[in-house]
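S.K.: What follows is each chain in one-letter form.
There are 2 protein chains.
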Amino acid sequence: MPFWYDETWEGKTRYGCLVRETLYSEKSEFQQIEILDTAHYGPVLVLDGIFMTSAREEHFYHEMLVQPAMAVAPRVANVLIIGGGDGGTAREVLRHPEVERVTLVEIDAKVIEASKRFLPMIGTAWDDPRLELIVGDGIAYVGREDLQLFDVILLDGCDPVGPSAGLFDLAFYQSCAARLAGDGVFATQTESPILLREVFLDIQRTLRQAFGRVTPYFGPAPLYASDQWSWTICSAGVDPLAIHEERAARVEPAMKYYNREIHRAAFALSQDLKRALDD
Amino acid sequence: MPFWYDETWEGKTRYGCLVRETLYSEKSEFQQIEILDTAHYGPVLVLDGIFMTSAREEHFYHEMLVQPAMAVAPRVANVLIIGGGDGGTAREVLRHPEVERVTLVEIDAKVIEASKRFLPMIGTAWDDPRLELIVGDGIAYVGREDLQLFDVILLDGCDPVGPSAGLFDLAFYQSCAARLAGDGVFATQTESPILLREVFLDIQRTLRQAFGRVTPYFGPAPLYASDQWSWTICSAGVDPLAIHEERAARVEPAMKYYNREIHRAAFALSQDLKRALDD
Chain D
17 MPFWYDETWE
27 GKTRYGCLVR
37 ETLYSEKSEF
47 QQIEILDTAH
57 YGPVLVLDGI
67 FMTSAREEHF
77 YHEMLVQPAM
87 AVAPRVANVL
97 IIGGGDGGTA
107 REVLRHPEVE
117 RVTLVEIDAK
127 VIEASKRFLP
137 MIGTAWDDPR
147 LELIVGDGIA
157 YVGREDLQLF
167 DVILLDGCDP
177 VGPSAGLFDL
187 AFYQSCAARL
197 AGDGVFATQT
207 ESPILLREVF
217 LDIQRTLRQA
227 FGRVTPYFGP
237 APLYASDQWS
247 WTICSAGVDP
257 LAIHEERAAR
267 VEPAMKYYNR
277 EIHRAAFALS
287 QDLKRALDD
Chain B
17 MPFWYDETWE
27 GKTRYGCLVR
37 ETLYSEKSEF
47 QQIEILDTAH
57 YGPVLVLDGI
67 FMTSAREEHF
77 YHEMLVQPAM
87 AVAPRVANVL
97 IIGGGDGGTA
107 REVLRHPEVE
117 RVTLVEIDAK
127 VIEASKRFLP
137 MIGTAWDDPR
147 LELIVGDGIA
157 YVGREDLQLF
167 DVILLDGCDP
177 VGPSAGLFDL
187 AFYQSCAARL
197 AGDGVFATQT
207 ESPILLREVF
217 LDIQRTLRQA
227 FGRVTPYFGP
237 APLYASDQWS
247 WTICSAGVDP
257 LAIHEERAAR
267 VEPAMKYYNR
277 EIHRAAFALS
287 QDLKRALDD
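First to last, the protein sequences are chains D and B. Here the first sequence is numbered in the numbering used here, starting from 17 and rising by one per residue. Here the second sequence is numbered in the numbering used here, starting from 17 and rising by one per residue.
Any given hint could turn out to be false.
Which copy is meant is left open, because identical chains are indistinguishable; a pair holds if it fits in one copy or across any two.
[Unchecked claim] Straight line, CA to CA, 30 Å or less: simulated DSS-like cross-link-like pairs of lysine-lysine:
1) Lys43 x Lys126
2) Lys132 x Lys28
3) Lys43 x Lys272
4) Lys28 x Lys272
5) Lys290 x Lys43
6) Lys290 x Lys126
7) Lys290 x Lys28
Just so you know, these hints were derived from the structure itself, not from any lab.
Construct the entire structure; sequences and hints are all you get.
M.R.: Rendered as structure tokens:
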């Protein structure tokens with residue numbers, strides 16, 4: 017029997033999907049993992065009751081987390097992904113032939129297992145020989161002082177609750193900054209600037225303490241809270257609009273949302289956010 | 017007792033608001049009208065079960081329907097609004113001191129009555145002497161051959177069902193084009209380009225048969241289906257990016273979302289839509 021599965025926000029609004037079948041449901045050491053076959057989105061990954069990604073609409077989130085950073089980083093040979101257990105972020109990075117090595121550090125082996133089995137349309141690059149998979153704590157990983165430097169670091173975590181809470185701390189952002197090559201680029205999802213406006217602004221303030229240049233950008237993410245999503249590019253001083261035209265153009269034929277025009281447009285700030293961020 | 021009120025899309029997804037109280041519920045000659053006091057959005061206008069506008073988030077929709085057209089129209093003295101019974105569109109138009117006359121043609125007197133009573137924070141310009149209110153059928157109105165020409169025509173209707181269905185017909189768009197001054201500008205909401213992608217593309221194709229230059233643009237509309245909304249500027253040939261800087265700058269202090277940077281960015285096309293619209 018089909019049933020409704022709702023994600024409720026502070027008991028005030030809810031967004032629901034009609035589920036045809038529960039494909040997977042297991043409690044890992046870290047969280048409740050579910051994969052639901054929904055009527056609209058196809059298979060959807062749910063962690064602790066929150067919709068994470070879907071077969072139908074994952075490209076908005078993954079293209080927008082990855083491609084802007086890849087388009088403006090001076091070098092992209094050596095990339096670190098923290099989180100990203102569904103494989104979509106790695107897939108987007110590995111589209112670039114200049115990438116030599118991707119290290120993906122995901123805390124929950126069961127998310128990877130379930131995604132490989134039920135979301136193969138998202139993680140299409142698991143077998144790429146440039147990808148090294150580490151099951152472990154991303155916070156401890158970037159804290160290692162013997163660690164190499166990265167050209168690009170991508171943070172693909174959940175909301176600031178549960179196993180992902182530490183991924184929004186200043187200390188963690190500072191570790192990421194320390195692991196970046198001098199002109200390296202860090203990008204992360206930074207929640208909804210409308211429904212979660214205060215959370216979004218808090219994250220911006222924290223990021224500004226860890227990085228020299230912090231610039232949010234915006235786009236749709238249909239599976240998430242009903243409005244708009246944000247990501248943020250951080251670095252010592254790389255211009256987030258200085259696109260390497262050739263590198264960006266090379267991946268555009270494979271894109272469904274991102275292109276150079278979208279890249280430039282995504283950084284426009286609403287009047288409300290312009291006022292809030294100038295304070 | 018608070019209760020959930022859900023808008024369901026094709027039986028596959030739903031978006032719900034917790035309602036503290038039903039403020040108004042009446043069946044007019046045209047539709048079921050409800051005004052619900054919701055926990056998140058404050059008062060919300062609902063027509064035939066579809067969320068229309070809310071005290072909290074109406075500015076995204078109204079600013080984006082009105083201000084881009086007002087920023088690029090060569091003249092804005094004489095403006096026609098079709099629909100817009102909540103008063104938000106008229107309020108945005110009347111911010112401009114160059115506006116001499118606004119004619120608002122709303123088919124349902126009860127929408128105006130209920131909005132005046134329960135949504136006074138949206139319709140703040142009802143008493144402006146430049147506003148002329150006509151209760152009547154917008155389709156018949158623009159079909160009148162003795163009608164004056166307008167500098168700007170704004171179509172603020174519902175989805176292409178119920179009393180608004182005729183507002184998506186070629187014949188109606190052709191009447192609007194005929195009622196525009198030579199370099200006048202027409203703007204309308206054109207549904208979600210993601211959830212209602214095929215509807216959006218159909219509307220674009222129809223508009224292209226009626227106007228010389230048709231350009232969609234995009235932004236968030238939190239109360240609507242969970243992703244992104246679109247509006248479209250149409251004219252004989254006015255450049256939708258040729259902003260009258262002074263006119264746009266004058267209203268920016270009153271804006272919550274729109275500004276000139278957002279205006280330019282809103283026209284960026286995703287890879288998917290670029291491919292679909294070039295066909």
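S.K.: Next, verify each hint and record whether it holds.
M.R.: Evaluated hints:
{"no.": "1", "hint": "Lys43 x Lys126", "result": "within (9 Å within a copy, 52 Å between copies)"}
{"no.": "2", "hint": "Lys132 x Lys28", "result": "between (34 Å within a copy, 25 Å between copies)"}
{"no.": "3", "hint": "Lys43 x Lys272", "result": "neither (33 Å within a copy, 43 Å between copies)"}
{"no.": "4", "hint": "Lys28 x Lys272", "result": "between (33 Å within a copy, 23 Å between copies)"}
{"no.": "5", "hint": "Lys290 x Lys43", "result": "neither (42 Å within a copy, 42 Å between copies)"}
{"no.": "6", "hint": "Lys290 x Lys126", "result": "neither (41 Å within a copy, 38 Å between copies)"}
{"no.": "7", "hint": "Lys290 x Lys28", "result": "within (27 Å within a copy, 36 Å between copies)"}
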